[in-house]
Amino acid sequence: MLSRWFPTVLFAGALVLAFAGHWPGLLRTEQAFDSPAADDATIRQARQQAANLPAHFSWSDLPRPTPSAHAATLTEVLPMTTPENDAPVQLLAAWFGGSREGAGDVSLYQSDWSTGSPWQPAGVMMTREAVQRQMGRNIRKLGNPLLIAEPGRLQLYFVSVSYGGWAGSAINRSQSSDGGRSWSTPQRLITSPFFNLSTLVRNPGVWYTDGSLGLPVYHEFINKHGEWLHLTPDGRVVGKSRMSMPRATLQPAVVPLDRDHAVAALRDAGPGENRIQWSETRDAGQTWVQKSAREIPNPNSAAAMIGLQDGSLLMACNPIAGNRNRLSLLRSTDRGETWSLTRVVEESPDDRDEFSYPSLLQDRHGAIHLVYTWKRQGIRHAVFSQAWLNNPGNPIVPAVPQ
Amino acid sequence: MNHRITMLRNRLADGPVRSRLLLLLAAGLMLLPVGGLSLWRHVYGFTGDLAPATWVLFFVWFGFPGVFQQWVSIELPFRRRLLLLVSLVLFYVLALGSGPVDPYAYGFQPRLLLLILALWVMLRGRVLPGLTLLLALALAVFGIHGLTSDNLFDYLFDPVLTIVLGISVFRGVMSRRFSSSA
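Going down the list, the protein sequences come from chains A and B.
Going by our numbering, the first residue of the first sequence is number 1, and it counts up by one from there.
Going by our numbering, the first residue of the second sequence is number 1, and it counts up by one from there.
Calculated directly from the structure, the hints in this document are not laboratory data.
Owing to the predicted nature of the structure, the values given are computational and were not obtained by experimental measurement.
By construction, the Cβ of each residue, glycine as well, lies at the ideal position given by its N, Cα and C atoms.
Mixed in with the good hints there might be a few duds.
Stated by the list, open to error - Okay, the calculated bits of chain A under chain B, using three or more residues with CB under 8 Å as the criterion:
hint : segment
1    : 94-104
2    : 260-273
Said to hold, decoys possible - To give an idea of the chain A side of the interface with chain B (calculated C-beta under 8 Å), a few residues:
hint : residue
3    : THR8
4    : GLN134
5    : THR209
Claimed, not checked - Just the calculated beta-carbon pair ranges, DEER-fashion:
hint : chain 1 : residue 1 : chain 2 : residue 2 : range
6    : A       : ARG181    : B       : GLY36     : 24 to 32 Å
7    : A       : GLY165    : B       : GLY36     : 46 to 54 Å
8    : B       : PHE58     : A       : ASP258    : 23 to 31 Å
9    : B       : ARG20     : A       : GLU76     : 36 to 44 Å
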């Protein structure tokens with residue numbers, strides 16, 4: 001009699017263990033984006049500061065340690081304690097570079113910048129060999145990095161491929177508590193049931209009120225679509241939702257509008273006429289609903305989008321058909337419903353030129369930073385103010401010959 | 001002496017014994033270094049963590065083939081294996097993006113999945129003790145965060161188990177075809 005019940009009793013014990021081991025996550029139902037209220041004093045001050053900045057635009061190139069560079073990411077390094085208002089802004093950029101995209105000699109590089117200083121010499125962040133040795137896995141190539149900052153800590157997410165092409169990618173996570181001077185042993189995120197294949201990362205995440213992180217990622221194997229990962233503060237994946245679209249889409253760029261509502265702009269990788277695709281969540285990322293595509297041409301290239309301190313949305317992308325030889329800034333004052341072309345940052349008459357893979361950031365002083373791939377040869381950094389965006393005219397960055 | 005050699009030769013000619021010896025040889029080869037990593041690390045780099053059920057079934061098959069065969073014939077007859085295989089293939093096809101629903105997402109914070117498993121065990125647990133034990137093991141390992149993943153599906157099954165199940169079903173189909181044509 002006892003032996004007949006024995007497996008069931010064991011199962012009941014295991015069920016209790018499962019609940020205990022995942023408590024209280026198993027009961028958690030509601031999440032809210034850590035989106036500060038519009039009347040928050042800090043936000044009011046930042047908004048005023050950003051509005052007071054004079055019209056300004058400048059640009060510089062990041063160091064070029066390799067013949068090829070691509071997919072830059074940018075973050076503001078935040079000290080453990082709130083910095084003095086006049087303390088310089090410190091930025092950290094990362095990108096992948098080597099002989100060409102996908103080559104075995106591609107490594108992740110980093111460089112830092114602070115107000116009034118040039119970009120510092122590039123340092124190697126991760127090499128393919130080091131990642132392989134540290135993770136004890138075969139690593140064939142490294143791809144997109146993504147930097148995310150929080151007070152006293154930096155997180156690095158990056159793509160690696162063990163076998164096959166980019167569709168066989170996985171995401172790895174490392175962190176630094178010394179401002180990026182050293183990085184912890186990378187840990188692989190488990191995001192897919194089939195040999196953990198095909199999850200890539202590109203654009204920054206959104207914090208939740210409990211300190212967890214929502215991370216927009218994308219999937220390329222069999223079907224291409226955006227996804228949303230929910231990660232605990234220590235980097236474990238505890239939730240996932242899909243940004244379903246009838247078209248192939250990649251690289252969602254997500255901006256929270258309030259505690260539950262966020263919008264996502266996606267790269268259009270489908271056939272025919274390509275436009276920026278759009279998705280929204282009204283339950284803090286648990287479900288995503290497809291919206292009509294925005295009237296912004298998209299030649300299957302990455303777009304970056306941020307919420308500015310004045311409440312508008314800013315997008316950097318290549319809003320032309322077919323090529324990536326014009327990088328523009330677009331702005332929306334109605335939560336992404338309509339967009340107007342604000343500035344062309346850089347363009348070239350040569351269709352083979354590429355100004356792509358933008359990454360945007362507004363620092364705590366209100367200055368807006370843009371880094372992007374320059375002709376696949378290097379990474380360029382542009383700094384401008386909201387007042388510059390508001391002025392008419394399109395001062396184009398001169399394309400400097402090599 | 002000759003008798004013993006003949007016995008050994010007969011044992012080696014025996015299919016199951018031969019396949020186990022080959023497997024032992026393959027396990028030895030896994031320790032060989034290739035490109036700075038052991039062959040095992042290359043395999044692990046591709047497969048990642050395997051579900052507890054995969055390991056248990058492998059070791060029972062390897063160590064106690066008679067018990068394994070008897071258990072399969074009782075708890076996993078051909079039709080049940082076929083149904084399981086179709087379900088798993090459908091799961092992977094949907095999880096990889098064919099369709100708007102991602103079943104894998106339900107394995108994170110899996111209240112519904114745990115409820116379904118508990119109901120299944122209440123209904124079938126006593127008549128299918130082996131499968132119930134495998135589920136109990138999966139849940140226990142899930143409870144102690146035994147694998148890198150926090151998704152319950154990764155503790156219940158994996159692609160390697162699915163492929164082996166597919167081979168088993170294929171062999172079942174072939175043997176049925178041959179037996180019916182004979």
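Outcome of the hint check:
no., hint, verdict
1, 94-104, "violated (count 0)"
2, 260-273, "violated (count 0)"
3, THR8, "holds (4 Å)"
4, GLN134, "violated (12 Å)"
5, THR209, "violated (17 Å)"
6, A:ARG181 with B:GLY36: 24 to 32 Å, "holds (27 Å)"
7, A:GLY165 with B:GLY36: 46 to 54 Å, "violated (22 Å)"
8, B:PHE58 with A:ASP258: 23 to 31 Å, "violated (51 Å)"
9, B:ARG20 with A:GLU76: 36 to 44 Å, "violated (59 Å)"
Violated hints, in rising order: 1, 2, 4, 5, 7, 8 and 9; the structure is consistent with all others.
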